[in-house]
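S.K.: So the sequences go chain by chain: H and B. So in this note's numbering, spot 110 of the first sequence is number 94, and the numbers just go up one at a time. Offset between the second sequence (1-based) and this note's numbering: plus 18.
Quick caveat, the hints were computed from the structure, so don't treat them as lab data. Don't take each hint at face value.
For each label pair, taking beta carbons as the anchor points, the in silico distance ranges come out as [to be verified]:
| hint | chain 1 | residue 1 | chain 2 | residue 2 | range |
| --- | --- | --- | --- | --- | --- |
| 1 | H | Arg69 | B | Pro132 | 34 to 40 angstroms |
| 2 | H | Arg6 | B | Gly19 | 26 to 32 angstroms |
| 3 | H | Gly12 | B | Thr129 | 34 to 40 angstroms |
Where a beta carbon is used, it is the ideal one built from N, C-alpha and C, also for glycine.
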Amino acid sequence: DAGVIQSPRHEVTEMGQEVTLRCKPISGHNSLFWYRQTMMRGLELLIYFNNNVPIDDSGMPEDRFSAKMPNASFSTLKIQPSEPRDSAVYFCASTSRRAGELFFGEGSRLTVL
Amino acid sequence: GQQVMQIPQYQHVQEGEDFTTYCNSSTTLSNIQWYKQRPGGHPVFLIQLVKSGEVKKQKRLTFQFGEAKKNSSLHITATQTTDVGTYFCAGPKAGGTSYGKLTFGQGTILTVHP
């Protein structure tokens, strides 16, 4: 079975540009999570969705960050405008009540110059 | 808010030595999960403990959940180079209604010298 699929795997952009990260959760999972990982702050939960509905976005750093889940098989995390301090690895994870544990994608490594 | 602390932050061992990482939560947890992240990789689920005082083993790995459900430990016997990586504990706050919403510890980075 395919796992959580993220794209792009690597993104290098310049400050001020818009960045869109994409995620396809595991089929049948109804919860999706966006995490950010940095050396300084570790794994931080940004936002999560249940049944495509955003439940808790308290981890979103500021208004420059937005996330959507238009259907059960697709989610995006957008940063506009991007800043160098946004450089990090962004992970998407999905789960279901039956599964319990989180299944992570391989991550999108973002570098903002 | 809920905090999950792990110690040590780093651990360097010789191959064959044992390794232990400890996890402490500021709040009671409904369960504790452990993940491993290889260098350059993504977190991968290892195990979940649910019951107070629970102990589970996976080959050379032993996981414990404290009686108060606020702490946990992972012990690796006779480390191998394949054990290299960062080990994270994570847990949902007890009484929470949102499954899957985990607070992660900062992780313990394990390096193994052959």
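S.K.: Enumerate the violated hints, using their earlier numbering and listing them in ascending order.
M.R.: none
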